[in-house]
Amino acid sequence: MVSAPIKTTTTTQRSDFLKRLGVGLGLGLPLVVFSLIAAAGGWISPEHSALLDKAGAIAGEGVGPDDLGSFYPPIPVILALALGSGLGLSVVSSFLAGGALYAVWTRMIRRGLTPSVQVVLVASTVLLPAVWYVASQDLALIGGLTMLVLALDGFIRFTVHGETSGGFTAGLCLAGALLFGAEALAYTFCLVVAAIGLGWSRYRGTAGALRAVVMVLAFPTLALLGSWLFLQWQFTGETFVDIGLLSDLGSPVSAVWAVLRDLGRVPVYLLVGALLVRSRPIFGFALVLPLVGLVLVEWMANRYTAVMAIILLSFLAMISFPRRSSRFEQGMLLVAALGQLAINIAWPIEAVPALSTWLGGS
Amino acid sequence: MVDLGLISVEDLSWALAEAKQAGSRLGRVLLSESLIDRLSLYRVLAELWELDFVTVADLELDAGSLFSVAPERLASEGWIPVARSAEGRVTVATSEPPDREQLQRISRSIGDNFDLVATTDWDIITSLHREFREVVLDYATLGLWRRDEQLSARRVLAPAQKALLVVLLLVVTVVAVLEPVRTVVALSALVSLLFLACVLFKFVVAMVGVRRETWEAVSEGDVASLSTEDLPMYTVLVPAYREGEVVAQMLQNLRALDYPTSKLEVILLLEEDDSETMEAVQRMKPPGTVIVLVVPPADPRTKPKACNVGLAFARGEFLVIYDAEDRPDADQLRKAVVAFRQGDEALLCVQAALNYWNADENALTRMFTLEYSYWFDYMLPGLDRLRFPIPLGGTSNHFRTAALREIGGWDPFNVTEDADLGIRVSAVGGSVGVINSTTFEEANRAYGNWIRQRSRWIKGYMQTLLVHLRDPRSMLEAVGWRGTAAFTLLVGGTPFTFLATPPLYAIFILSLLLPSASLSRWFPGWVLYVSLANLLIGNAVMVYLSMMGAFKRRRYELVLWGLLNPLYWVLHSIAAYKALWQLIVKPHYWEKTEHGLSTYQDDDNNSAV
Numbered sequence: 000m001v002s003a004p005i006k007t008t009t010t011t012q013r014s015d016f017l018k019r020l021g022v023g024l025g026l027g028l029p030l031v032v033f034s035l036i037a038a039a040g041g042w043i044s045p046e047h048s049a050l051l052d053k054a055g056a057i058a059g060e061g062v063g064p065d066d067l068g069s070f071y072p073p074i075p076v077i078l079a080l081a082l083g084s085g086l087g088l089s090v091v092s093s094f095l096a097g098g099a100l101y102a103v104w105t106r107m108i109r110r111g112l113t114p115s116v117q118v119v120l121v122a123s124t125v126l127l128p129a130v131w132y133v134a135s136q137d138l139a140l141i142g143g144l145t146m147l148v149l150a151l152d153g154f155i156r157f158t159v160h161g162e163t164s165g166g167f168t169a170g171l172c173l174a175g176a177l178l179f180g181a182e183a184l185a186y187t188f189c190l191v192v193a194a195i196g197l198g199w200s201r202y203r204g205t206a207g208a209l210r211a212v213v214m215v216l217a218f219p220t221l222a223l224l225g226s227w228l229f230l231q232w233q234f235t236g237e238t239f240v241d242i243g244l245l246s247d248l249g250s251p252v253s254a255v256w257a258v259l260r261d262l263g264r265v266p267v268y269l270l271v272g273a274l275l276v277r278s279r280p281i282f283g284f285a286l287v288l289p290l291v292g293l294v295l296v297e298w299m300a301n302r303y304t305a306v307m308a309i310i311l312l313s314f315l316a317m318i319s320f321p322r323r324s325s326r327f328e329q330g331m332l333l334v335a336a337l338g339q340l341a342i343n344i345a346w347p348i349e350a351v352p353a354l355s356t357w358l359g360g361s
Numbered sequence: 000m001v002d003l004g005l006i007s008v009e010d011l012s013w014a015l016a017e018a019k020q021a022g023s024r025l026g027r028v029l030l031s032e033s034l035i036d037r038l039s040l041y042r043v044l045a046e047l048w049e050l051d052f053v054t055v056a057d058l059e060l061d062a063g064s065l066f067s068v069a070p071e072r073l074a075s076e077g078w079i080p081v082a083r084s085a086e087g088r089v090t091v092a093t094s095e096p097p098d099r100e101q102l103q104r105i106s107r108s109i110g111d112n113f114d115l116v117a118t119t120d121w122d123i124i125t126s127l128h129r130e131f132r133e134v135v136l137d138y139a140t141l142g143l144w145r146r147d148e149q150l151s152a153r154r155v156l157a158p159a160q161k162a163l164l165v166v167l168l169l170v171v172t173v174v175a176v177l178e179p180v181r182t183v184v185a186l187s188a189l190v191s192l193l194f195l196a197c198v199l200f201k202f203v204v205a206m207v208g209v210r211r212e213t214w215e216a217v218s219e220g221d222v223a224s225l226s227t228e229d230l231p232m233y234t235v236l237v238p239a240y241r242e243g244e245v246v247a248q249m250l251q252n253l254r255a256l257d258y259p260t261s262k263l264e265v266i267l268l269l270e271e272d273d274s275e276t277m278e279a280v281q282r283m284k285p286p287g288t289v290i291v292l293v294v295p296p297a298d299p300r301t302k303p304k305a306c307n308v309g310l311a312f313a314r315g316e317f318l319v320i321y322d323a324e325d326r327p328d329a330d331q332l333r334k335a336v337v338a339f340r341q342g343d344e345a346l347l348c349v350q351a352a353l354n355y356w357n358a359d360e361n362a363l364t365r366m367f368t369l370e371y372s373y374w375f376d377y378m379l380p381g382l383d384r385l386r387f388p389i390p391l392g393g394t395s396n397h398f399r400t401a402a403l404r405e406i407g408g409w410d411p412f413n414v415t416e417d418a419d420l421g422i423r424v425s426a427v428g429g430s431v432g433v434i435n436s437t438t439f440e441e442a443n444r445a446y447g448n449w450i451r452q453r454s455r456w457i458k459g460y461m462q463t464l465l466v467h468l469r470d471p472r473s474m475l476e477a478v479g480w481r482g483t484a485a486f487t488l489l490v491g492g493t494p495f496t497f498l499a500t501p502p503l504y505a506i507f508i509l510s511l512l513l514p515s516a517s518l519s520r521w522f523p524g525w526v527l528y529v530s531l532a533n534l535l536i537g538n539a540v541m542v543y544l545s546m547m548g549a550f551k552r553r554r555y556e557l558v559l560w561g562l563l564n565p566l567y568w569v570l571h572s573i574a575a576y577k578a579l580w581q582l583i584v585k586p587h588y589w590e591k592t593e594h595g596l597s598t599y600q601d602d603d604n605n606s607a608v
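Note that the protein sequences, when read in sequence, are chains A and B.
Once you know that position 181 of the first sequence is 180 in numbering that gives the first Met the number 0, the rest is easy, because the numbers rise by one and skip nothing.
Once you know that position 310 of the second sequence is 309 in numbering that gives the first Met the number 0, the rest is easy, because the numbers rise by one and skip nothing.
Hints listed in this document are in silico derivations from the structure and should not be mistaken for laboratory results.
Covered, in the sense of this in silico footprint (three residues per stretch, anywhere, with C-beta under 8 Å from a C-beta of chain A), are these stretches of chain B: (1) 197 to 210; (2) 525 to 532; (3) 538 to 550; (4) 555 to 561.
Glycine is no exception: its CB is placed at the ideal position from the N, C-alpha and C atoms.
Take the sequences, apply the hints, and build the full model.
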């Protein structure tokens with residue numbers, strides 16, 4: 000009488016989880032195939048090669064706390080240490096990308112987009128060879144972006160729908176992104192500013208509310224950063240070991256130009272932005288901030304790429320498309336998605352190796 | 000009654016309408032609103048029932064007839080054997096209408112050879128309380144122990160646990176003498192890893208609770224669809240000790256409940272030596288539905304013992320415990336009724352959230368509120384969702400009265416009888432649910448008082464752990480390995496993390512003051528690294544959880560106070576060491592928490608709530 004419902008619930012939870020995990024991993028499988036082909040041809044991306052070099056240097060003298068100085072970003076480095084091969088890193092990266100895509104897709108379904116629009120929207124991003132490359136050959140970047148996409152979803156639930164759990168997700172995922180790369184600090188800054196902007200009218204007159212919003216979003220990242228810096232200082236004696244931020248400041252103007260130039264590659268984002276601004280002008284402010292984030296990433300960390308903009312801005316558009324949108328709006332989105340695909344195929348991203356280079360083994 | 004001048008026509012009309020709407024008896028309504036005195040009411044009823052009226056409380060009762068029936072049965076059925084004639088005919092006093100059902104109930108217990116007289120329900124309860132004093136005291140004190148010694152905290156350690164502890168201590172001592180450095184390394188690594196496991200467990204459960212944020216156990220619609228007429232009798236137990244200053248507030252708070260007062264049975268449980276509260280109650284002249292039961296003085300002098308006394312006489316289908324200063328949400332009882340009716344029979348208890356009305360009184364009340372917000376708004380819903388055993392909170396736990404009696408009531412030797420009971424419910428295959436309703440309490444504002452209270456809670460968790468791990472196999476069979484692990488991490492992990500905090504803080508401070516090379520003998524690099532990382536991650540996680548609890552409650556001004564959580568843990572640690580000491584030297588001692596210390600006025604309370 001008692002145990003039956005308990006077992007049923009637990010079993011359902013577990014099977015739901017396994018189903019989600021299975022679909023997420025399944026979406027990453029094509030990328031795994033690319034990884035296998037690239038590895039068979041002897042290709043290791045410069046990003047993974049650098050991670051493996053770092054891991055090799057750490058492992059060479061035996062892993063110890065004094066290695067903390069060269070342990071950043073921790074998750075990619077730990078994975079490089081554990082897996083020890085470019086293929087291993089690529090497989091993990093592929094599955095992470097699959098997970099991110101699954102997360103975005105489920106949000107699109109919840110937003111009531113028709114299946115055809117969903118498919119074309121996803122295709123506008125995932126059918127690009129440059130995206131295949133980054134998704135399977137740059138673990139740190141794709142890991143950080145995955146965390147950021149989840150953070151953005153939580154952020155929208157937190158700031159727009161008032162769900163505290165969204166704030167939790169956003170705060171923790173931003174901290175998670177910091178484990179993949181220091182550019183997470185730029186994203187955190189932008190989301191905090193966006194939250195203040197979006198919350199200004201909602202929390203006006205409520206003592207401590209905006210401060211609380213800032214803490215919810217920023218505390219995990221700041222705590223993680225503080226802990227990391229403390230441990231580095233403790234075990235290496237160096238106050239600020241290089242985490243890839245502020246060490247090579249670029250030109251802010253060229254950073255802005257780089258991001259603006261690539262905006263043309265994401266008409267989906269521009270369209271969704273316009274629709275959101277039409278419904279609530281304040282969203283315009285929030286939608287500009289991801290661009291600011293990308294500029295900061297380029298300026299402070301020199302880590303910006305056009306693929307990063309395409310993935311981030313497209314996914315953001317997919318999870319923030321207005322609910323209960325009309326057929327006309329969905330039709331426009333369909334056209335924009337097809338346009339995005341055409342533009343990016345017609346003008347491939349030069350910074351990324353051509354398909355024949357990394358899949359052809361040359 | 001109108002003709003006799005006992006009540007006005009207007010009052011009678013109102014009471015009749017109220018009785019109809021609530022599905023209550025007219026007499027209960029009149030008593031609950033103090034529109035008539037009990038004696039007059041029952042004299043009138045006796046006349047209607049064509050019975051003689053007697054004030055049973057003044058009589059010496061026939062022990063032979065009386066002790067043949069269980070007191071809780073007499074209390075719930077509303078009759079009592081008074082005397083036996085030489086011919087063996089029993090005189091029975093009833094406070095219920097002498098209809099066929101009542102006559103059958105009496106016949107089932109003492110046969111058909113009886114005469115009826117009328118008396119008041121108060122007379123019955125008072126007489127039962129007096130006559131069964133020793134029986135009730137024994138039930139309240141040793142009931143659970145007699146039922147199953149293994150389930151009672153009367154004995155702190157079972158023989159097997161004692162043996163295990165001795166062996167463990169011996170092994171550690173011997174190893175420490177032979178290999179002092181390695182022993183310290185191993186112990187510090189073990190403490191560190193267990194600390195991390197406990198904190199991560201809480202984090203994961205809280206995250207599951209977070210995902211339930213928009214889920215409502217009982218919706219407003221469910222409550223609205225509940226017919227007042229169909230509401231059952233509800234018993235409210237209010238154990239109080241030296242709380243004369245909050246009695247008036249308590250009665251006011253209970254009146255604010257959205258539940259027909261005629262269907263509420265409030266049992267005030269007072270200690271025999273507590274003249275202060277008794278006098279305060281008498282001054283307040285509570286309505287007729289409030290029953291005062293005096294708990295006989297005997298060790299252990301604990302709240303659960305008092306509650307067991309109340310349980311013996313409770314007549315409600317459901318029962319809830321409130322502390323004297325509690326301020327429950329108005330619809331809490333209705334929500335509990337809905338939850339019980341929607342749940343299956345295994346749902347034996349539902350727990351409402353607790354929070355504080357004087358949150359921003361001082362630093363301590365702020366931290367306490369942060370902690371409660373996280374615990375009741377995230378942890379308990381998380382435990383509920385994962386179907387883990389739930390340690391009940393101090394008050395606002397609602398029970399099916401019959402089921403509570405079946406599982407033996409509260410353990411009077413356990414100083415967190417509520418937590419123990421929650422686990423015991425799971426252990427017998429029952430379940431504990433949570434409802435989306437809050438009871439506001441007074442947060443402790445005095446540090447000494449807080450440490451006393453907290454040391455009792457932590458000692459109680461230690462007792463509960465020891466009790467339920469006496470027979471791990473039974474626990475495993477009852478709640479499975481997940482439930483057992485969850486119970487151990489939660490109930491054992493909570494005291495453990497507080498006990499482990501000072502050593503971890505000490506390592507942290509030493510690591511700041513001394514070069515790491517000088518610590519490397521006792522704390523080789525990886526141990527120190529893991530310890531510090533644990534401390535930092537553990538504290539950050541707990542800080543964040545407390546912040547989120549405050550945010551969910553929309554107590555934004557408290558969020559930043561979450562940063563002081565590591566200091567708050569120092570207080571916990573002091574309390575934990577005190578608890579450990581008390582567990583050894585006076586395990587059943589009940590550290591009394593002073594209430595009514597808040598400087599907030601009633602108006603402040605209302606606005607805070």
